[in-house]
Amino acid sequence: MSKIFETPLYPYQRSADQDASQPVRHPVIVIGAGPIGLGAAIDLARQDVPVLVLDDNDKVSWGSRAICFAKRPLEILDRLGCGDPMVDKGVVWNTGKVFFDERQVYGFNLLPEEGHRRPAFINLQQYYFELYLYERLRELEADGKPVQIRGGNKVVSVTPKDDHVALTVETPDGPYRLETDWLIACDGAGSPTRAMMGLDFIGRVFEDNFLIADVVMNADFPTERWFWFDPPFNRNQSALLHKQPDGVWRIDLQLGWDIDKEEEKKPENVIPRLKAMLGPDVEFDLEWVSIYTFQCRRMEKFRHGRVIFAGDAAHQVSPFGARGANSGLQDTDNLVWKLKLVMDGKAPESLLDSYDLERVYGADENILNSSRSTDFITPKSDVSRQFRDAVLDLSERYEFARPFVNSGRLSVPCTYDGSPLNGPDAAGLPVRTRPGSPAVDAPVSGGWLLDRLGDRFQLLAINTEVPASLEEGGIAIEGLSLSANDDPSGALKGRYLGNAASAVYLMRPDQHVAARWTAYDEKAVRAALNTATGRA
Amino acid sequence: MAHLNTRANIAGPDDFYAELLAAHEGLSKAESDALNARLILLLANHIGDRAVLTEALAAAAHAPGGDKA
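Going line by line, the protein sequences match chains A and B.
Using our numbering, you'd call the opening residue of the first sequence number 182 and step up by one each time.
Using our numbering, you'd call the opening residue of the second sequence number 248 and step up by one each time.
Hint data in this document are derived by calculation from the structure and do not stem from the laboratory.
Virtual Cβ for every residue (Gly too), placed ideally from N, Cα, C.
One thing to keep in mind: the hints can contain errors.
Only some residues are given here: those of chain A computed to face chain B with a beta carbon under 8 Å [unchecked claim]:
hint, residue
1, 567
2, 568
3, 570
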């Protein structure tokens, strides 16, 4: 049986655009059919924005790669209509163990908060993640939504013009030219688009190498995350064991910087390392091996006129904390509604600068967390190692030291504090749902709050009435009134009211809070909508 | 807000000082460094107050013999 990631899904086919006498103009072109490019295309197509995806490949991700998907991206996938297959297939885990040298220093249970539709995160191979996104895209196409994907289409030149972007695309039949009003570059950490435009990719550089192996084991390891600091089988380095679907285990072995990658990847070098880790009696098959090198860096700006960068093309972090694909999906979640408003002429082009501002803020938060994890896992000085080892030693006996142990701070959604799109806040309402925050899920009326939010501006009213619909400058605001009767668990009250008797939240199409009040005030709502759409 | 207490606060300073040195007796440089690191973490957690800890870090960072305080 051939593996999913060896099967061409969207092989090259000649398109009519290649025979046109003049370059055909598209409204939006997405470069790259990885998780972020597919996510962007699905989001656009669902909202009837015509989108063309160009990919130099025709398959899903080679090997597992990104494997840990956090709650917020799962919620975004729910909005895109493909959360269920991911969560149904994915492995949910809550228990982790930390080892130092030869011993286990402690274990933990994440005890996720009750009252959320989605778990804190799931483990799922990137190839499944991409497959389900791809299937969703094809489903939309079959439903008549304006989306196309072209495999074997490699973009070899990108030329920004005043009112469009001109592209040259290489194919097995030779090159052809295209034009697009807007270009979204989701072409990964090595982004050829970024290179073709001669743009920077700056930041603090951590250069390290990880041997990443997917093994199929006939062993009864529990569904837990095991992390080793300085283990006997990988001295002075780290190791990670994580379970994926289909009995596949992900093993990450840190190798350090100065290594011969091709040598390390050879099975005769990989297998002894894995045997030393798993024990001599465990039988396993190697499914996939790769050497991963990372740096923590980002572009200075994610928007360059009509070319917009998202995902790893715009920012790169260490693998610790699952912040790569997870933050990339938050990029396009943030971008697509803004782009649609601009394309529809309902918001000024400058609204797109708030994408840059909000997602640069998100990227900096991820880079900060990721850099701190890297500093803990790979101490850069003697004193740094002394404190790291002291934390690990103390963590075995003393609970206080465990929060210092940093084997990756798992991705949490970004709150856009200080964003120019944020409107007023009201004193006394819960901090976690302040303007800039993503909506926090809660069970309501036999369903979930987040399933009722997104894709349009909404007024979420709790214990008060708001109009069922309002319109301001061509943008509709839909009312959603809920009361204590809809909130049997009290989670809605705890997350949105606190001690207030009532609240009104203006929600953005990406489910983030734009502004909030303790009572409805039409004039204030209209003003906040204009602020949230860059029209104030 | 609490401040770092820089006045004498330990009863029997000579006893404590001797106990501190005794904890390091017979240790190699590496073992002593490790003990110091564990001790700093234990004490920092006991203090807990972030502002006080920042003041302590600043006070400790002042170069000896200088008049920067």
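Against the structure, the hints come out as follows:
At a threshold of 8 Å, the smallest CB-CB gap from residue 567/A to chain B is about 4 Å, leaving the interface hint in force. A hinted interface residue such as residue 568/A counts as satisfied when its beta carbon comes closer than 8 Å to some beta carbon of chain B; here the least separation is about 5 Å, so the hint holds. Because the closest C-beta pair between residue 570/A and chain B is about 6 Å apart, less than 8 Å, the hint holds.
The structure fails none of the hints (numbered hints given earlier).
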